[in-house]
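Visitor: Here are the chains, one letter per residue:
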Amino acid sequence: MAEITYRQAVAAGIAQEMERDETVVLIGEDVGAAGGVFKLTEGLFEKFGPERVRDTPISEQAIVGAAMGAAMTGLRPIAELMFSDFFAVAWDMVANQIAKTRYMTDGQVSLPLVLRTANGAGLRFGAQHSQSVENWAMAIPGLKVVAPSTPADVVGLMAAAIRDPDPVVFCEHKALLANKGEVPDGEHVLPLGQAAIVREGSDCTIVAVAAMVPRAVEAAEGLAGRHGISAEVIDLRTLVPLDVATILGSVEKTSRLFTVEENPRLCGWGAEIVSIVADEGFYSLDAPLVRITTPHVPLPSAAVLEDAALPTVERIVETVRRRLEEAK
Amino acid sequence: MATTRPRPETPAELDPELRLRMYRTMVECRRFETRAQELFFEGLVRGTTHLGVGQEAVAAGFAAAMRDDDYTFATYRGHNHALARGAPMGPLYAELFGRANGLMGGKGGSMHITDVDHHMMGSYAIVGAHLPIALGAAWSAQYRKSGQVAVCFFGDGTTNIGAFHEALNMAVVWKAPVIFVCENNQYMEYTPIGAVTAVARPAADRASAYGLEPIVVDGNDVEAVHAVALVAIERARAGEGPSLVEAVTYRHGGHSRADPGKYRPDEEVEAWKKRDPIPAYRARLAESGAEAAALDRIDEATAAKVQAAEDEARAGPEPSPQVIETQVWADGGSSWRGTR
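Line by line, the protein sequences are chains R and L. Taken in order, the first sequence gives residues 1 to 328; the numbers are from our numbering. Taken in order, the second sequence gives residues 1001 to 1340; the numbers are from our numbering.
Simulated from the structure, these hints should not be mistaken for laboratory data. You may find that some hints are simply not true.
Within a straight-line C-alpha distance of at most 27 Å, the following computed DSS-like cross-link-like pairs (lysine-lysine) qualify [stated by the list, open to error]: (1) R:Lys-328 - R:Lys-253; (2) L:Lys-1273 - R:Lys-47; (3) R:Lys-47 - R:Lys-180; (4) L:Lys-1274 - L:Lys-1262; (5) L:Lys-1273 - L:Lys-1262; (6) R:Lys-47 - L:Lys-1175.
The whole structure should be built from the sequences, with the hints applied where relevant.
Guide: Okay, here's the thing in structure tokens:
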């Protein structure tokens, strides 16, 4: 086991796959010699050369479109969108072309590609460089969606995303880049579509992804220490495919569900989870299903405003405590 | 300023078989689409269709210059390009009819005709999208050192969308083996292209912005198209990078099935119909010694082939609703649930 940062895990996961498969190539703005604006691809250009690690112009449609054309003709491209907000610039390529082509051609075309992107808030970049867009991708049939929270999961899920025969949107959270964690030695691959129970508990279930996972864990510890509430925390890790069984299994045990979402309120991924549990886990429930989200606003830039807009540890603790109290 | 490439002075050097092939391709496209239009009005073809009647020489000239494994990318006006690459006519009709024996099982329809077996990599219905995608296929060929090229056909209206410019720039920077072919049929949907474009030649006048030679060719002259295609494809295969070709042509009908094209002056339509690429090429072939009987045989065989294709398509069943939830993923299914 080696301890590396989330940032280093991105390059490590890509390198692991580029070493074993020559069809894996990487393109994007500044991903080559510069090593990426967040240094997420550092060392790859030196290791694999300019044929496999290619810089592009600021042309998101061309980047994503080129990845699609390469994927349909025998490569396994990884395309980086520097900020996930830039998906909006290339959304035709993602939502109309990549997501739908296998279906429209009745399986003639396969698109084994990964769209990597720096997602999420915490760096005070304002409303156009801080969004959490997992739910945009989740709403389009034909896209798989990954949002890891730990360095080990970054490596394992990156490998899985690259090996997957379908298009994967891979969200790397900007606020987690400096976080450290143990990564298994040797080749590390995780399956897509399996959540992780990162903390066991019996009084309620808290479901989170990416940067909300460490907050949910910290909140669970606060709930245990200050209020005697035992919270189970689930890191979904992938939103599509969605590990419904783990969520339902946990709710069966705890009877209470909370989601912690960085996205703005309406149609966040948690709304889908709540809908599924209301439908399929209703008779396990002892209390209302509660979503803890960012309000339905664009994200503000000032540190104090951004911090207050996102679900904080304190807001999670207070919401869970109050709603459990009410349900008694 | 763009210059129109003259047809080579020595057309007689072309292989007679190749010339007959180009004639046959154009006749097959014309007959297929003319009949598709009739079947639309009979209610057999549903949804929409965008016909390339009048523009067949572009598809035929390029296809005859391509290697079997070169890639074609086309627009929603893509029937000609699919047929020119060898897509089977029966399944193509069946796709237009929405039948289970369609090329894509009835899931794509007229605007998304794809036949990967013949390296027809798709018809793209969002204007401009397929230029970056074709660039990606060309980059893949370059990386794999396969010697393949990608040929990407699009309309004049596409030259005003961002993806056109992004793809041109990146293709040149990457020296990608891709040929961008603008079929300038004079109208972006219902509006004359000149009314909405800053330059006279929508594609060629943009070429210099990307360091490319401005190439304009008579898109109604199949041999002129073929000659330009040979040069551009050779250049791409030799690693010298992309080309941008503007083929000037005209669609005889409206933009789509519902459009009678009344916004165009009658004299203009008549003048272009007099320059119909198919009778013109037939006359040239006859002049240069082709037997009328051989050309007649192509016409007759085409009529029989189109009829047989229609019969084959009509005989196909409607798709089963069971296919609705197939082929979202490579495992053949559509499940969004994890498999713990």
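Visitor: May I ask which of the numbered hints given earlier this structure violates, with the numbers listed in increasing order?
Guide: Hint check: 2 fails alone, others pass.
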